[in-house]
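2 protein chains.
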Amino acid sequence: MFRSHTCGDLRINDVGSKVSLCGWVHKVRDKGKIIWIDLRDKYGITQLIFEDSNTDSNTFLKARNCGREFVLKITGLVSERSAKNKNIDTGNIEIIVDEIQYLNKSELPPFIIEDETDGGEELRMKYRYLDLRRNPLQKNLKLRHQLMRETRNFLDSKNFIEIETPVLIKSTPEGARDFVVPSRMNQGEFYALPQSPQTFKQLLMISGFDKYYQLVKCFRDEDLRADRQPEFTQIDCEMSFVERDDILSNFGDLIKYLFKKVLGITINNIPVMEFSDAINFYGNDKPDLRFDMQFVDLFNDVKGSGFNVFDDAEAIIGINVPNCSEYSRKQIDELTDFVKKPQIGAKGLVYIKYNKDGTLKSSIDKFYSSDKLLDIVSKCNSNKGDLVLILAGEKNNTQNALSELRLLMGNKLSLRNPKEFKPVWVVNFPLLKWNEELKRFNAMHHPFTSPINEDISLLDKDPSSVRANAYDLVINGVEIGGGSVRIFKKELQEKMFNVLGFTKEESKKQFGFLLNAFQYGTPPHGGIAFGFDRLCALFGGKESIRDFIAFPKNTSGRDVMIDSPSKIKLDQLEELGL
Amino acid sequence: MFRSHTCGDLRINDVGSKVSLCGWVHKVRDKGKIIWIDLRDKYGITQLIFEDSNTDSNTFLKARNCGREFVLKITGLVSERSAKNKNIDTGNIEIIVDEIQYLNKSELPPFIIEDETDGGEELRMKYRYLDLRRNPLQKNLKLRHQLMRETRNFLDSKNFIEIETPVLIKSTPEGARDFVVPSRMNQGEFYALPQSPQTFKQLLMISGFDKYYQLVKCFRDEDLRADRQPEFTQIDCEMSFVERDDILSNFGDLIKYLFKKVLGITINNIPVMEFSDAINFYGNDKPDLRFDMQFVDLFNDVKGSGFNVFDDAEAIIGINVPNCSEYSRKQIDELTDFVKKPQIGAKGLVYIKYNKDGTLKSSIDKFYSSDKLLDIVSKCNSNKGDLVLILAGEKNNTQNALSELRLLMGNKLSLRNPKEFKPVWVVNFPLLKWNEELKRFNAMHHPFTSPINEDISLLDKDPSSVRANAYDLVINGVEIGGGSVRIFKKELQEKMFNVLGFTKEESKKQFGFLLNAFQYGTPPHGGIAFGFDRLCALFGGKESIRDFIAFPKNTSGRDVMIDSPSKIKLDQLEELGL
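So the protein sequences, as listed, match chains R and X. In terms of the working numbering, the first sequence is numbered consecutively and its last residue is 735. In terms of the working numbering, the second sequence is numbered consecutively and its last residue is 735.
Bound conformation, chain R alone:
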């Protein structure tokens, strides 16, 4: 038995007890005749005290020679502190140590193990095991554990069953790039790692499991952005005998439960928004609803006044920014520079200041009378003191750019509070999107998504107008989950493959098992998957998922701590026939 208590256990009513503790040396304060050591473990910090006058000299010396992050085992007497520390749970007591043992020594760590550290990103990734000792990361992984646990609690209580689906599966050409695994026993053949357990969870519905879930690792061999990882975790779910609204209700309840249980936040209602409304009002299928600033279509209001930029535009859209009529020229120029950045892509920015005194000042004064400008700001629901910002041009670009500008203004006006949460279901996405390069349609979601019933007849005539029975859960402008009601009849699935340009042979080769399964009594079913890493980051109030994953990879897909990927031995390659 190494310890009688942890470093977070002891309280004032333990005074007088003989205890043994283990932990890391967090801090040493050496005042000559008295030495204090803060001993740290996962559970807390306990103060140790060594007094020259009544400590064995060997013990005193050992205390003095302790370095940061040494691992100690001590025994001693719990006593009341004279100077209490209200910031920690053990702050009323300290341990008068009579025995100290170095369980292990430590080199000086390459960065400080504190909430705020001096280590750069690269260094901390290399010494991830030390970075993980820091409080913020310990907290993040505890939050992750709690979210996992409560997700399971909720789904178990609703009669869902967690079933593990295989990791070594089959490569499919649809979707992102697969990681593949060469087979030694079947040379020249490969397994693939799953991008999601999609077909397996559908087969489980065909098997009659009724309600399935899994917290599961998935894999995508994509060029990584800052917030993507080659391996990531999903809350993967599927239900039988359900319509869309059954799924939205069930998983809306899951999200409400998690917010209540983990953060103590009550979410009353999760609104449902048409995809087309999301685009028209926010320029984005992931609207951040923590603030308003909805798009206002000004096309019919400003055309034909001789202002070429508007007269030539496919779309002219404004937003009303509250209380910003006093923006300086410099501030307006900064916004203009922002929207003109290549990644935003607007040609310029038009503003109308609706001054506090009721006058109007705009960059298009030449073309529009004050009355006309007043009409425009009225249409934008502006109040005196507000600022209207207008972009114009090709429709998609203008929507995208104005969406970015809206989010920027939200940030500037502190309207995007990370502790406030505004979920929304976005529904009825387009089923297909045109792939200009391949001159054929791709599935917007995946090939198993059902069209909404009334649009099925359009699949032949006008595929691009067909809406999918699909839905995303968006919280604060972040896509947290997405899913769909699935196709469950063989004929429709075959038609869908056909629309996606699969030959009969190809669809049989890739998905023959699923088409075959559809013949044996497939129930109507649908499901959803949540990005669990992102959910953790959202709950933790952070943007990057990296610090909610114990051992993440960097943006080149490398684990710099273990140095992977790496070369393998020649005989390994030969055995695999590579």
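Keep in mind the hints are simulated off the structure, nothing from the lab.
It does not matter which identical chain is meant; a pair holds if it fits inside one copy or across any two.
Pairs of lysine-lysine, PhoX-like flavour, derived with a Cα cap of 25 Å:
#1 K646 - K184
#2 K647 - K262
#3 K518 - K497
#4 K418 - K315
#5 K190 - K230
#6 K487 - K498
Bear in mind the structure is a predicted one, so any value in this text is a computation, not a measurement.
Guided by the hints, dock chain X onto chain R, whose structure is given.
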């Protein structure tokens, strides 16, 4: 809303309610003027009734035309059955159906979806989604879910934290063969899939997480036996500041909790057995303790009587088989044939019958007097009516062969009841085993296992005699889990790599990150991993793990349902530089 209830919900006090149900047609009984359909879902079976006299003719016809495994939605009135069925929960009621809808039709399934099916293994694997509809498999996966859940409940309650470790890691030459994953972004380099999260969980201890667990997929590219899978699930655990007995106590409690909670069985005590005793008394490090029949060393008792087989033997060992003195010549011959099979490898079998009348009859009457034979059976603790079986020869072979014979006799005498459970900890395994081919030592467990303290000094002088601080949990002759106290000091780990024949460079290249981590305050730690698939099979009273995995692979590592592994496209290969 598809249904108001499931097929397992309705009871006598629902009589008179209007309900809607969905499910599969399990059975149709068509008696001309009355048709009964058993409608099945995950939750149960409900009887539907259609009477010619008071059913709409279209509905009646649809009921008549239902095939097995059609998916129906029906609405109707709950009414009391005249002939009750006590075997099912809904047996008191039936539904008088007024509306029936085919949600989907079904081809005739390739085998019967009943507890006992007529489908062969290969066919059922190909149509796994249909096999999974059968009750025994539904039950197995529910049991698996329950075991997962209760494992987490127990460990969570003990302050363990579940942390996901990466799946894309680094290939290491020690242990079984790795599956590897070519990296597209780092061409010529490979990730490996983990055989276990061993080094990561140790790093988590170094990070101060104190108590870690994970239900985690692991991977081994081995030639498969019937009860092995290339991907399998572990309950993986690690603790800091613990000694061996802390671990045995904690995880013994886990196992007791699972038996109690899931099977209602009380396990009072899990004995601890030395590895050497397991070998000496059972010929096996996985002793089945449901029955006795311990080995008796007869070496000193029978040597030098002119019987060459014994005189030349390195080991002579007997077991006492109760109540079998009346075995016929044919029965004894069968046992002899069994031990002489190549995979058992004994040269022959000696028996002594201790007849009920006190006389003795043996195959070595020529060489030993009755008194001598009496001495032998006395040493074996035989009673009148028992049979002593003796094997002799090279020591290891004799122990192995007699172990097999002991298990065979256990089976014959029905002493291996699958509903009785006898766990035992086997401890103090050898640290190393000699690899004759490579002329060096391998780690018996893995290179991170600590020697027991008093043997550390023998590492230089006599490595093969060093005992490991390692332990296995064995239940009913099956290894369910294993682990060890780990090395936690850099010097000892380096020495261990050295004993295993690693050069300094190799150990740095493979495990530099761990050796490095050991320098920054590594706590004493140890852990264990349980084979979760096997645990499920054990709890389910079955030997094969296959039917406790939703989508297993066959013994060639193939998933015959999805046809994987398979060829991938040329451009995929090119992108990977293969």
